[in-house]
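What follows is each chain in one-letter form.
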Amino acid sequence: MAQYPILDQKDTRSGFGAGLLELGTRNPDVVALCADLTGSLKMDAFAKAHPERFFQMGIAEANMMGVAAGLTIGGKIPYTGTFANFSTGRVYDQIRQSIAYAGKNVKICASHAGLTLGEDGATHQILEDIGLMKMLPGMTVVVPCDFNQTKQATIAIAEHDGPVYLRFGRPKWPVFIPADMPFEIGKAQVLVEGTDVTLFACGHLVWRALQAAEELAKEGIKAEVINVHTIKPLDSAAVLASVGKTGCAVSCEEHNRYGGLGDSIAQLLALRMPAPLELVAVNDSFGESGTPDQLLKKYGLDVPDIVAAAQRALKRK
Amino acid sequence: MTKPAPAAASSVSTDELDRICSQVRRDIIRMVHGCQSGHPGGSLGCTEFMVALYWSILRHDPKAWDMDGHGQDLFFLSNGHISPVWYSVLARSGYFPVAELATFRKLNTRLQGHPTTHEGLPGVRMASGSLGQGLSVGVGAALAKKLNGDPHLVFTLHGDGELQEGQIWEAAMSAPRHKVDNLIATVDWNGRQIDGDVDEVMPLGDLPGKWKAFGWDVLTCNGNDLAELIATLNEAKARTGQGRPIVVLMRTEMGQGVDFMMGSHEWHGVAPNDAQAASALAQLPETLGDY
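Here the protein sequences come in this chain order: A and B.
Heads up, the first sequence is in our numbering, so the first residue is 1 and it goes up one at a time.
Heads up, the second sequence is in our numbering, so the first residue is 318 and it goes up one at a time.
Source of the hints: derived by calculation from the structure; they are not laboratory data.
The C-beta atom is built at its ideal place from N, Cα and C for all residues, glycine as well.
Check the hints yourself; a few may be wrong.
Heads up, incomplete: computed chain A residues facing chain B, CB under 10 Å, no partners named [as the list claims (entries may be wrong)]:
1) Asp-29
2) Val-31
3) Leu-33
4) Leu-37
5) Gly-39
6) Phe-55
7) Ala-60
8) Val-67
9) Gly-70
10) Thr-72
11) Gly-74
12) Gly-75
13) Lys-76
14) Pro-78
15) Arg-96
16) Lys-104
Okay, the calculated beta carbon distance ranges per label pair [said to hold, decoys possible]:
17) B:Leu-605 - A:His-160: 43 to 49 Å
18) B:Ser-354 - A:Ser-285: 40 to 46 Å
19) B:Thr-426 - A:Ala-237: 35 to 41 Å
20) B:Lys-423 - A:Asp-93: 23 to 29 Å
21) B:Lys-423 - A:Ser-40: 44 to 50 Å
Make a model of the complete structure from these sequences and hints.
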């Protein structure tokens, strides 16, 4: 999209690694823990720069969550790193009791989320993690959309007092958010203004939504694109303001249709401003092996799927 | 960060500790009877340990309590269901008013069925109840003390049945890996759990050998003998700072101090009725005044 030229192709996990390194230098209370995936999570630079504040925890994620919770007692700000599946589903009870219920300031940083993990297949492609995390009282859920925003978010969550789930991914992806664009937890970003339909998106699908808006423009449809990088707390004011203007919406996410961004927007609209909403999400299934592009196409999360969903929403107005 | 000066542990005679134990056991019975729920068996069995810990071993200042606990020894109760004994000991040692024990397990109170930080109860730094999580927390808190240059220690307590949880052994592996030698884990080795004897439900095998194999310095003692317990815990303290975590395996009797609750797992999580409570209290002299 002309308004957002592709600045580079980088993986969001590298944005996390870059943000953690910068944060570690800036804030001596930041510590990092990793469950045998230091290279995959791009935590090597932090580990090398701050070896006394980096803890290799081995393939033992439950213990990692508990140790992180303990480190907060004494004022540390722990960042845990592993794949999204092992950051959430595998350790749900540890997060629930020792972090969320106990109100501990742990930053749960999860890579390789969603279908775009690719060839490893469904055992690793968690599509339920946003739902699991947003159901926990007090948990903030952040899903940044590109390298630059993941770096910004990694740094920003240190300033937020309380547990945070930060979700990012594996593949190289277009970098399109200017490095100096302001980022604030809980404040959705209107990337493109429009009047006919709102495309809400998070994570990798924000880029797909921008592409879809370009396709819709060719048909004379003015789509508004909003990057909902914080799923919880949801920026209700931004959602309602946009749908109040456009009258219909599509939500786009690399997650099961149950429990994700679309679920949150549907609840808000049903309660406050009933309006046509279409969901671009995985239709209650597990993933499979394939390339990220193949998987997004097969599971209905590609640009034509967003365009079609927008057209359906428009017809229901 | 400047290193906090070590707070001194207090020195109390075993006779006086014995008197405190009797009152704590009365509190346990009255709390569990008062709400007709809770876990008296393990609470009674761990009374000597908790009293020794708070009156003789821990370097702590209840009036200066805060979440971070800089300059204090820390304690984490991993087997959170024995909250009655912990609440009694916390109240009797000055963390909150003794009268508050009457609110145990009741609506709109800080004394939840299982301990929590959620209601802001002084003395409690972690929620526990879902078993197996407290050793990891202890490892993390001990690492934070090292990073902060705080020479104080971290103590944890676990049930022996709780050791069936896999996370315990993940934590047991991680502590020597990170040279956590400012951590003393303790185990209530009573051999009983809800469904029966530990040896029948899921045997732990050679428990001292297991901990040794994981790289821990292992001590054992009679957990219901105050003098032996205090000597062993002091020995554990003397062994800190030598590159290894320490575990103290304490042989105890579930239900200790109340004759009809001993020798069985049946009183793990059962409240006494009026007659049973009266019978139990008749065996336990009131030494500090009931709440």
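Would the stated hint for Val-31 (chain A) survive a check requiring a Cβ distance to chain B of less than 10 Å?
The hint holds - Val-31 (chain A) has a Cβ within 10 Å of chain B, the shortest such distance being about 7 Å.
So the hint says 40 to 46 Å: do the beta-carbon atoms of Ser-354 (chain B) and Ser-285 (chain A) match that?
With Cβ atoms ~43 Å apart, the hint holds.
Gly-75 (chain A) as chain B interface residue, shortest Cβ-Cβ below 10 Å:
holds (5 Å)
Closest C-beta approach of Asp-29 (chain A) to chain B relative to 10 Å, hint status
It holds, given that the least Cβ distance between Asp-29 (chain A) and chain B is near 9 Å, below 10 Å.
Holds or violated: is the Cβ of Lys-76 (chain A) closer than 10 Å to a Cβ in chain B?
holds (5 Å)
Quick check on Ala-60 (chain A) please, does its C-beta sit within 10 Å of some C-beta on chain B?
holds (4 Å)
Holds or violated: the 44 to 50 Å window for the beta-carbon distance between Lys-423 (chain B) and Ser-40 (chain A)?
Holds - the Cβ-Cβ distance for Lys-423 (chain B) and Ser-40 (chain A), about 49 Å, lies within 44 to 50 Å.
Holds or violated: Gly-39 (chain A) as interface residue toward chain B, Cβ cutoff 10 Å?
violated (19 Å)
Confirm or reject the claim that Leu-605 (chain B) and His-160 (chain A) have a C-beta distance inside 43 to 49 Å.
holds (45 Å)
Identify whether the interface hint at Leu-33 (chain A) stands, where standing means a beta carbon of chain B within less than 10 Å of its own.
holds (9 Å)
Per-residue hint verdict: Phe-55 (chain A), partner chain B, C-beta under 10 Å:
Since chain B brings a Cβ to about 6 Å from Phe-55 (chain A), closer than 10 Å, the hint holds.
Just to be careful: measuring from the Cβ of Gly-74 (chain A) to every Cβ in chain B, is the smallest value less than 10 Å?
holds (3 Å)
Violation of the numbered hints given earlier is confined to hints 4, 5; the remaining hints are satisfied by the structure.
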